Amino acid sequence: MQRNNRLRNLFTVPVIMARQLKRNALSAGLAFAGNATSNEFDEHLQNEVEREREIQKKKKIKRTQSKKSPDLINKSTFQSRTIGSKKEKHRQLDPEYEIVIDGPLRKIKPYHFTYRTFCKERWRDKKLVDVFISEFRDRESEYYKRTIENGDVHINDETADLSTVIRNGDLITHQVHRHEPPVTSRPIKVIFEDDNIMVIDKPSGIPVHPTGRYRFNTITKMLQNNLGFVVNPCNRLDRLTSGLMFLAKTPRGADNIGDQLKAREVTKEYVAKVVGEFPETEVIVEKPLKLIEPRLALNAVCQMDEKGAKHAKTVFNRISYDGKTSIVKCKPLTGRSHQIRVHLQYLGHPIANDPIYSNDEVWGNNLGKGGQADFDIVITKLDEIGKRKPAKSWFHSNGGYGEVLRQEKCSICESDLYTDPGPNDLDLWLHAYLYESTETEEGTEKKKWCYKTEYPEWALRR
1 MQRNNRLRNL FTVPVIMARQ LKRNALSAGL AFAGNATSNE FDEHLQNEVE
51 REREIQKKKK IKRTQSKKSP DLINKSTFQS RTIGSKKEKH RQLDPEYEIV
101 IDGPLRKIKP YHFTYRTFCK ERWRDKKLVD VFISEFRDRE SEYYKRTIEN
151 GDVHINDETA DLSTVIRNGD LITHQVHRHE PPVTSRPIKV IFEDDNIMVI
201 DKPSGIPVHP TGRYRFNTIT KMLQNNLGFV VNPCNRLDRL TSGLMFLAKT
251 PRGADNIGDQ LKAREVTKEY VAKVVGEFPE TEVIVEKPLK LIEPRLALNA
301 VCQMDEKGAK HAKTVFNRIS YDGKTSIVKC KPLTGRSHQI RVHLQYLGHP
351 IANDPIYSND EVWGNNLGKG GQADFDIVIT KLDEIGKRKP AKSWFHSNGG
401 YGEVLRQEKC SICESDLYTD PGPNDLDLWL HAYLYESTET EEGTEKKKWC
451 YKTEYPEWAL RR
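In terms of the UniProt record's numbering, the sequence shown opens at residue 1 and continues consecutively.
Quick caveat, the hints were computed from the structure, so don't treat them as lab data. Please read all numbers here as calculations on a predicted model, not as lab measurements. Take these hints with a grain of salt, some might be off.
[What the hints assert, rightly or not] List time: in silico PhoX-like cross-link candidates among lysine-lysine, alpha-carbon distance up to 25 Å: (1) Lys409 <-> Lys107; (2) Lys369 <-> Lys307; (3) Lys290 <-> Lys331; (4) Lys145 <-> Lys387; (5) Lys109 <-> Lys126; (6) Lys221 <-> Lys189; (7) Lys369 <-> Lys324; (8) Lys120 <-> Lys221; (9) Lys331 <-> Lys145; (10) Lys189 <-> Lys331; (11) Lys324 <-> Lys310; (12) Lys329 <-> Lys290; (13) Lys126 <-> Lys307; (14) Lys109 <-> Lys387; (15) Lys127 <-> Lys109.
Using the sequences and the hints given, assemble the complete structure.
And the structure:
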């Protein structure tokens with residue numbers, strides 16, 4: 001990726017704040033979906049913003065004081081730490097690897113890797129073998145049992161066995177022959193770059209950072225390979241979501257953008273292609289969300305008194321309708337996981353190629369409208385996808401080809417091999433096209449900063 005090919009598009013558009021949205025909606029009689037009044041939600045939102053701003057204020061004071069501290073700044077990962085810290089001692093080292101561009105796919109040849117991770121909260125006091133089987137679904141249970149019995153897994157540098165239980169603070173080390181799933185070979189476009197941050201247009205289908213089966217086929221590792229230095233993500237985008245991402249090159253960049261996002265001083269706009277004829281009038285969804293199944297990243301609407309519930313609010317405006325699908329502008333006023341995807345499903349207009357929330361085999365003919373579903377059945381059916389069945393969606397209803405077990409094992413590690421991913425594994429018609437500051441330059445109405453991408457092809461009507 002050459003620097004002279006980088007895009008630098010800066011745009012300014014009007015900001016619609018929460019109170020303005022409420023006034024406009026009430027005066028125009030616009031649609032609301034939710035069980036709490038707009039006043040109640042705005043009060044929750046304001047309290048959350050004030051709490052976060054107070055946290056950021058304390059952090060700034062602490063950072064100012066810490067400048068006198070003897071801690072070192074590791075510029076390769078820009079993490080403050082002291083020499084000989086626990087994290088530095090167990091820092092993940094990258095092996096050599098080979099990239100293969102195979103048409104629309106970017107592939108990594110299998111490589112040997114020592115995977116290190118600390119015990120997650122949901123793993124505590126569970127058997128190691130049970131955690132491996134339930135959390136890492138790309139391999140069959142016999143593989144993990146055999147790996148543990150062969151002495152290839154260690155807990156705190158001691159060899160584990162099938163009876164080993166994971167405790168809080170445990171370091172798990174697993175020696176593997178790693179097979180990463182392919183991702184799209186579409187290029188990463190750079191929208192803006194200075195000494196502190198980089199703003200990119202992330203392609204769909206690429207994870208942001210190493211997670212699960214992905215390491216080198218991730219945005220941060222791809223940029224590290226191209227640029228020669230580490231960048232850290234400031235905002236989150238799902239693997240399948242495309243669009244604007246902020247990546248910090250320095251601690252200053254991370255703090256500046258990160259604090260603004262947490263204090264909700266940033267307006268975000270997305271565009272989505274959804275099932276059916278979306279209402280012409282503005283629709284505001286105020287429904288709490290909760291994580292249903294961490295392994296599957298499955299989220300759903302819920303009641304605010306349920307455990308794990310978080311306030312969520314999204315504003316939707318239809319752009320166009322072609323007789324089958326609608327293009328919709330989406331403005332999340334909170335930043336919950338899968339918020340736009342789940343709120344659209346709740347309205348009965350899921351994203352048309354969403355492999356989780358628009359699959360009628362999983363949700364039935366109503367596609368989970370109104371949050372109605374038997375989640376035990378949903379989880380069971382989603383668990384089969386990517387193993388015995390390829391991913392499906394409303395748009396790609398036949399399933400077709402996609403990632404599934406191909407009844408073949410690796411000659412080196414005997415792990416099960418998979419077919420290449422298909423369209424439902426790599427694309428989602430949800431794109432983050434605008435991020436801008438809610439603050440204006442002193443004495444003007446011009447926003448302090450604003451970044452925008454072009455609309456993706458699927459959002460353009462021919």
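Structure-based check of all given hints:
1. Restraint check: the Cα-Cα separation between Lys409 and Lys107 comes to about 18 Å, which is no more than 25 Å; the hinted pair holds.
2. Under the criterion of a C-alpha separation no larger than 25 Å, the hint pairing Lys369 with Lys307 is consistent with the structure, at around 22 Å.
3. Taking the CA atoms of Lys290 and Lys331, the gap is near 19 Å; set against the 25 Å cutoff, the hint holds.
4. For the given pair, Lys145 sits about 19 Å from Lys387 by alpha-carbon distance, which is consistent with the 25 Å threshold.
5. This hinted pair does not check out: Lys109 and Lys126 have alpha carbons roughly 33 Å apart, beyond 25 Å.
6. The suggested pairing of Lys221 with Lys189 holds, with an alpha-carbon distance near 15 Å, which does not exceed 25 Å.
7. Restraint check: the Cα-Cα separation between Lys369 and Lys324 comes to about 17 Å, which is no more than 25 Å; the hinted pair holds.
8. Proximity of Lys120 to Lys221 is assessed by CA-CA distance (about 23 Å); at most 25 Å being required, the pair is judged to hold.
9. For the suggested pair Lys331 and Lys145, the alpha carbons sit about 46 Å apart, so the restraint of at most 25 Å is broken.
10. The straight-line distance between the Cα atoms of Lys189 and Lys331 is roughly 23 Å, inside the 25 Å bound, and the hint therefore holds.
11. About 33 Å separates the Cα atoms of Lys324 and Lys310, which puts this hinted pair outside 25 Å; it is violated.
12. For the proposed pair Lys329 and Lys290, the alpha carbon gap of about 23 Å is at most 25 Å, so the pair holds.
13. For a cut-off of 25 Å, the pair hint linking Lys126 to Lys307 stands: about 22 Å separates their Cα positions.
14. Proximity of Lys109 to Lys387 is assessed by CA-CA distance (about 21 Å); at most 25 Å being required, the pair is judged to hold.
15. For the hint pairing Lys127 with Lys109, the CA-to-CA distance comes to about 32 Å; that exceeds 25 Å, so the pair is violated.
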